[in-house]
Each structure stands twice: as C-alpha cells, then as structure tokens.
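Required output: the full structure, derived from the provided sequences and hints.
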Amino acid sequence: MSETPKIRLRGLTKRFGDKVVLDGIDLDVMPGTSMVVIGGSGSGKSVLLKCILGLIAPDEGTIEIDGTNVLALDRAGREAIRAQIGMLFQNGALFDSLPVWENVAFGLLARRLASRADAKARAETVLAQVGLAPSVGELRPSELSGGMQKRVGLARAIAARPEVLFFDEPTTGLDPIMGAVIDGLIVDCVKTLGSTAIAITHDMASARRIGDRAAMLFKGRIVWQGAAAELMQSGNAMVDQFTHGRRDGPIQMELRR
Amino acid sequence: MSGFLDFVASLGRGLIGACLGTGRLTLFAAEGISHIFRPPFYGRQFLRALLEIGYLSLPVVALTAVFTGMVLALQSSTGLSRFAADSAVASLVVLSVTRELGPVLAGLMVAGRAGAAMAAEIGTMRVTDQVDALTTLSTNPMKYLVAPRLLAGAVALPLLVVVADILGVLGGFIIGVVKLGFNPGIYLANTLDFLRTDDVVSGLAKAGVFGFLIALMGCYHGYNSKGGAQGVGAATTSAVVAASVLILAFDYVLTELFFAR
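Listed in order, the protein sequences are those of chains A and B.
Every letter in the first sequence is one number past the one before it in the numbering used here, and letter 7, counting from 1, is 7.
Take the position in the second sequence, starting the count at 1, then add 257; the result is the number in the numbering used here.
One or more of the hints may lead you astray.
Stated by the list, open to error - Computed beta-carbon distance windows for the label pairs:
#1 B/R281 to A/P250: 36 to 46 angstroms
#2 B/L282 to A/D96: 46 to 56 angstroms
#3 A/P250 to B/A486: 33 to 43 angstroms
#4 B/G271 to A/A57: 28 to 38 angstroms
#5 B/F294 to A/R140: 24 to 34 angstroms
#6 B/L282 to A/K19: 25 to 35 angstroms
#7 A/E138 to B/A517: 53 to 63 angstroms
#8 B/A486 to A/Q252: 28 to 38 angstroms
#9 A/S145 to B/G488: 24 to 34 angstroms
#10 B/E288 to A/A80: 15 to 25 angstroms
#11 A/A57 to B/D263: 34 to 44 angstroms
#12 A/S145 to B/L320: 32 to 42 angstroms
#13 A/K219 to B/L320: 55 to 65 angstroms
#14 B/E288 to A/S41: 26 to 36 angstroms
As the list claims (entries may be wrong) - Cut-off 27 angstroms, straight-line C-alpha distance, at most; resulting in silico cross-link-like pairs (BS3-like, lysine-lysine):
#15 A/K219 to A/K19
#16 B/K483 to A/K219
#17 B/K483 to A/K19
Said to hold, decoys possible - Facing chain B, according to a computed beta carbon distance under 8 angstroms, are these residues of chain A, among others:
#18 F16
#19 R82
#20 M87
#21 F89
#22 A110
#23 S135
#24 E138
Derived from the structure by calculation, the hints contain no laboratory data.
Using N, Cα and C, we set each Cβ at its ideal position, and we do this for glycine too.
See the structure below:
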C-alpha cells in the first residue's frame, strides 16, 4: 500500500455564522480503500463531502488529493481534480430534463471525451454494470423507482472511471434488500475501478458492507476512527450509542438550538 | 428618540440590503453574459430555451396581441370620433402596437409563462442538488443553465414581438373593417403611411432588452432559491414580479432614449 494517502484532510474547519460545522477535521484515506463516515443528522458529514468536492469553501485547513492541496489550485486545476471524482448524491440528483442514458454519459459529453454515439454505448455498458437494461436508458428519471434512480446515479458516478468516489447516504429511502443490492454494486464498482471511496451514512449495515475503515463525526469533530468491521464493538461510548441506536449515552439530542 | 433611531436604522438596513442585492444581481448578470462569449457553448441548451421561451409562448402572445389590437381600435374609434378624427384609428393602432403594447404585453406574458417556468426549473434543480451535480460533472452551471437562457431570452422576444405586431394590427384591422365600417384598402394604407422603420426597430430593441431581463430574473431567483418547495415557489413569484416591474421601468427608460426630443 502506498505511503501517501489518496485524500488527506488537515485542520479542516467550516463555520456558518457562529455555528462551527467542521472543527479541525484530520482524516486520511489510503488509495484503493473505502472510508465510511458516520454521524447524526447535522454532524457535518455532507458539508465535509462538499468541501472536498469544492462545492463549499472551508474557512481553514487543507485538502490534499494525491499530495496536492486542492485549495491552493486555480479554477482549471480544481476542475482537473474534480474530473477524477464521481459522486452519488443522496436523492440521486438526476437531471429531470434528460433521458437516463444522457444522465449517465453527462460527464463524458460535458468534457467532450466521447461522441454522442460512443457516449450512449458507454452509458448502456455502465447501466448493465449496475443491473439495468439498455432500454432503461431511454426513460426519464421521473419514470424510475427509487432503487433504479440510485442505480442510475451510481452509473453516472462511475461512467468516467473516476479515481475517487463519494457516496452520500447511498441507501437512504430504500428497503433493506434494495439497500443491500446497492451496497453490493458500490463494492463491486469500487473494486473493479480500483477507486478510493468515501461514503457517509446513517445505515450501520451499509457502513459495514461498504467500508474498509470508518470514522465517526460528532459536532464537527472526528471522535473515533477504526476498521469498519469493528463499528459494532468499537469500545467508544459515542460510537456504541450511535451504532446500537441507544437513547441514553454521551450523545444527547439537541431538540432546539 | 430611540424610536426615531430605530426607524433610521431600519431604513439604513433596507438600503444596504438593496445595494447588496443589486450588486449580487449585477455580478450574476455579468458572469452570465461573459459565459455567452466563452466556450464551451451548449447549443442544445440554447435551442431548448429558445423553444420554451419563444415557440411555446406563441399562443398566449398571439391571443394577447389580437385582442389588444381589437380593443385599441374600438377604444380609439369612440375617443377619436368626438374630434371627427376616425381616420386616425389605423395609425393609432399600428403605432401603439409596434412602439409600446407589442413589446410590453408580450414581455409581461412571457415573464408570467417562461420566466416563472425558468425560475421553477432552476430552483428545483438547486434544491434537489442537480446544480451541485453539474459542478461535480465538470460543468459550470452558469455556463450550462444561465448563459443559454439569457441569450435565448434576448433572441426569442423580438421574434415574438414581430408576430405580436402583425397580429395586433390584424386585430385592429378586423374591428376597423367589420365593426367600424372602414374600407379595407384605406385602413391598410393609413396603417402603412404612418408607420416608420424606427417605430418597429425601437419596439424590437425593447423586446430584446425585456427578453434578457425576463431570463435574468428567472435564472437569478431560481439559482439562489433555497428551502425546498416553499423556496422554489417564492423564487418563482419573485422572478415574475421582478421581471414585470423591470419591464415597465425599462420601458420608460428606453422610450426616453428612443423618442425624447
């Protein structure tokens, strides 16, 4: 395994007004591994992903991908880094106005990496990888079930063979069987592409299926890191309370801020 | 005394807010315009926007223009007959339609139809992460969503106004001939005698500006919407109201520019 982390965060801090959402995050994700970030609602998981993607500018800290601090890059440099990243959004975020195959091939067409005919062929191949027939490519996203939308979102994320994959709550809103199917597809895709992945989730079964490593975020800080297989018996009181869904423990729900 | 100070402070806050909003809108417009001229260009997005703003607005603009021409002929006939100036009906209709009512009414109709649809579509894309998804797929949302619509708005509305001008005059002609008893040949001669090129050109120039403003308001409010369905609804309302007010304000400014002596 390489010594240099694929993704390296140091002192990452983000505030919205006087609310500190990320409070000095340090995190390393090694090449070819999957990191699962767990944490309650509002713990800063989505903001963390958006900072790494460049959708939100952090207030302090560094984000290194392959040893390059992406925050120090110009716009072209950031776009080049972003082109290496695929993202599966929580609700799919498929483009309603385009048929499924154009959604899947959007990145290829946007970067002029393929003609429309080649892009369509590539989209059909990737759709088959996630278990969807070529005929699905002609449908609109609104005609698909939730599980199919997740598959199409996954197909779009992997279509350009990215080196880094992000998954935002990949199994939210799915039944347990469909959740397991999506997790299986995610693991297959990550292994096939040899990508490095970060997934954020509330779903403990999903976390253990997807992740090699896991980290827990609480009030903007990483409070625990370890092997994903150890999640259910971490020995950390916060992680144990969260993973077992206990009402009593060190984490108290803030009903009002 | 403290009540007065609170009042002044609230005025100041309002003024600062208005300045900030104007600044944000100006920067948004400048960035959108700059992307019109910088590659990559999204021709399909432009054609789609042209279809939605232009072609799909044709029925409502056509109906508005015909009825406006008809009403104008009727109203001007009753008014002008008091001065025994009935023969001026045709020229009054054509000048009113080409200079003023064609671009303004077409603009207001398109603001209500296409401007609202634009704000709702982009607003929904914003709150469902589709705008962020564009960014992650190496596509600048300003270039992909905003620039084609701004250009399409500025191109489509003058084309619609050409149609509105013709149908508005036709509406007046129908009432003039059928109801008011004008000779068709004389009515048409009066229409053409008093019409100058700059009457039509000024109306089309106004339409280009109005089309740009409608698209700008639709894109700006949609792009900055937040808070789910309610936020998208608020953005849509703001887009239509702002575009309508701006059309009327710019109509005055442009009329002053074109016709003030």
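These are the hints, each one checked on the structure:
For B/R281 and A/P250, the hinted distance range of 36 to 46 angstroms is satisfied, since their beta carbons lie about 43 angstroms from each other. Evaluation of the 46 to 56 angstroms hint for B/L282 and A/D96 yields a failure: the beta carbon distance comes to about 26 angstroms. In this structure, A/P250 and B/A486 meet the distance hint of 33 to 43 angstroms, their C-beta atoms being roughly 37 angstroms apart. In this structure the hint that B/G271 and A/A57 lie 28 to 38 angstroms apart at CB holds, the actual value being about 29 angstroms.
Separated by about 32 angstroms at the C-beta atoms, B/F294 and A/R140 satisfy the suggested range of 24 to 34 angstroms. One distance hint, 25 to 35 angstroms for the beta-carbon pair B/L282 and A/K19, holds here, with the actual separation near 28 angstroms. A beta carbon spacing of about 57 angstroms between A/E138 and B/A517 agrees with the range 53 to 63 angstroms that was offered as a hint. For the pair B/A486 and A/Q252, the supplied restraint of 28 to 38 angstroms holds, since their beta-carbon distance comes to about 32 angstroms.
Our hint of 24 to 34 angstroms for A/S145 and B/G488 holds, since their Cβ atoms are close to 27 angstroms apart. One distance hint, 15 to 25 angstroms for the beta-carbon pair B/E288 and A/A80, holds here, with the actual separation near 21 angstroms. For A/A57 and B/D263, the hinted distance range of 34 to 44 angstroms is satisfied, since their beta carbons lie about 36 angstroms from each other. Between A/S145 and B/L320 the beta carbon distance is about 41 angstroms. The supplied range of 32 to 42 angstroms therefore holds.
Between A/K219 and B/L320 the Cβ separation comes to about 59 angstroms, which falls inside the hinted range of 55 to 65 angstroms. The hinted window of 26 to 36 angstroms between B/E288 and A/S41 holds, with their beta carbons roughly 34 angstroms apart. Straight-line distance between C-alpha atoms of A/K219 and A/K19 comes to about 10 angstroms, which keeps the hinted pair within the 27 angstroms bound. Proximity of B/K483 to A/K219 is assessed by CA-CA distance (about 24 angstroms); at most 27 angstroms being required, the pair is judged to hold.
Distance check on the hinted pair: B/K483 and A/K19 sit about 19 angstroms apart at the alpha-carbon level, within 27 angstroms; holds. Because the closest C-beta pair between A/F16 and chain B is about 13 angstroms apart, greater than 8 angstroms, the hint is violated. The beta carbon of A/R82 comes within 6 angstroms of a beta carbon in chain B, closer than 8 angstroms, and the hint placing it at the interface holds. The interface hint given for A/M87 holds, since its Cβ lies 5 angstroms from the closest Cβ of chain B, which is under the 8 angstroms cut-off.
The interface hint given for A/F89 holds, since its Cβ lies 5 angstroms from the closest Cβ of chain B, which is under the 8 angstroms cut-off. At about 4 angstroms, the closest approach between the beta carbon of A/A110 and any beta carbon in chain B falls short of 8 angstroms, and the interface hint on this residue holds. Checking A/S135 against chain B by beta carbon gives a least distance of about 23 angstroms; that is not within 8 angstroms, so the hint is violated. Given hint, A/E138 at the interface with chain B, is violated; its Cβ is 17 angstroms from that chain's nearest Cβ, farther than 8 angstroms.
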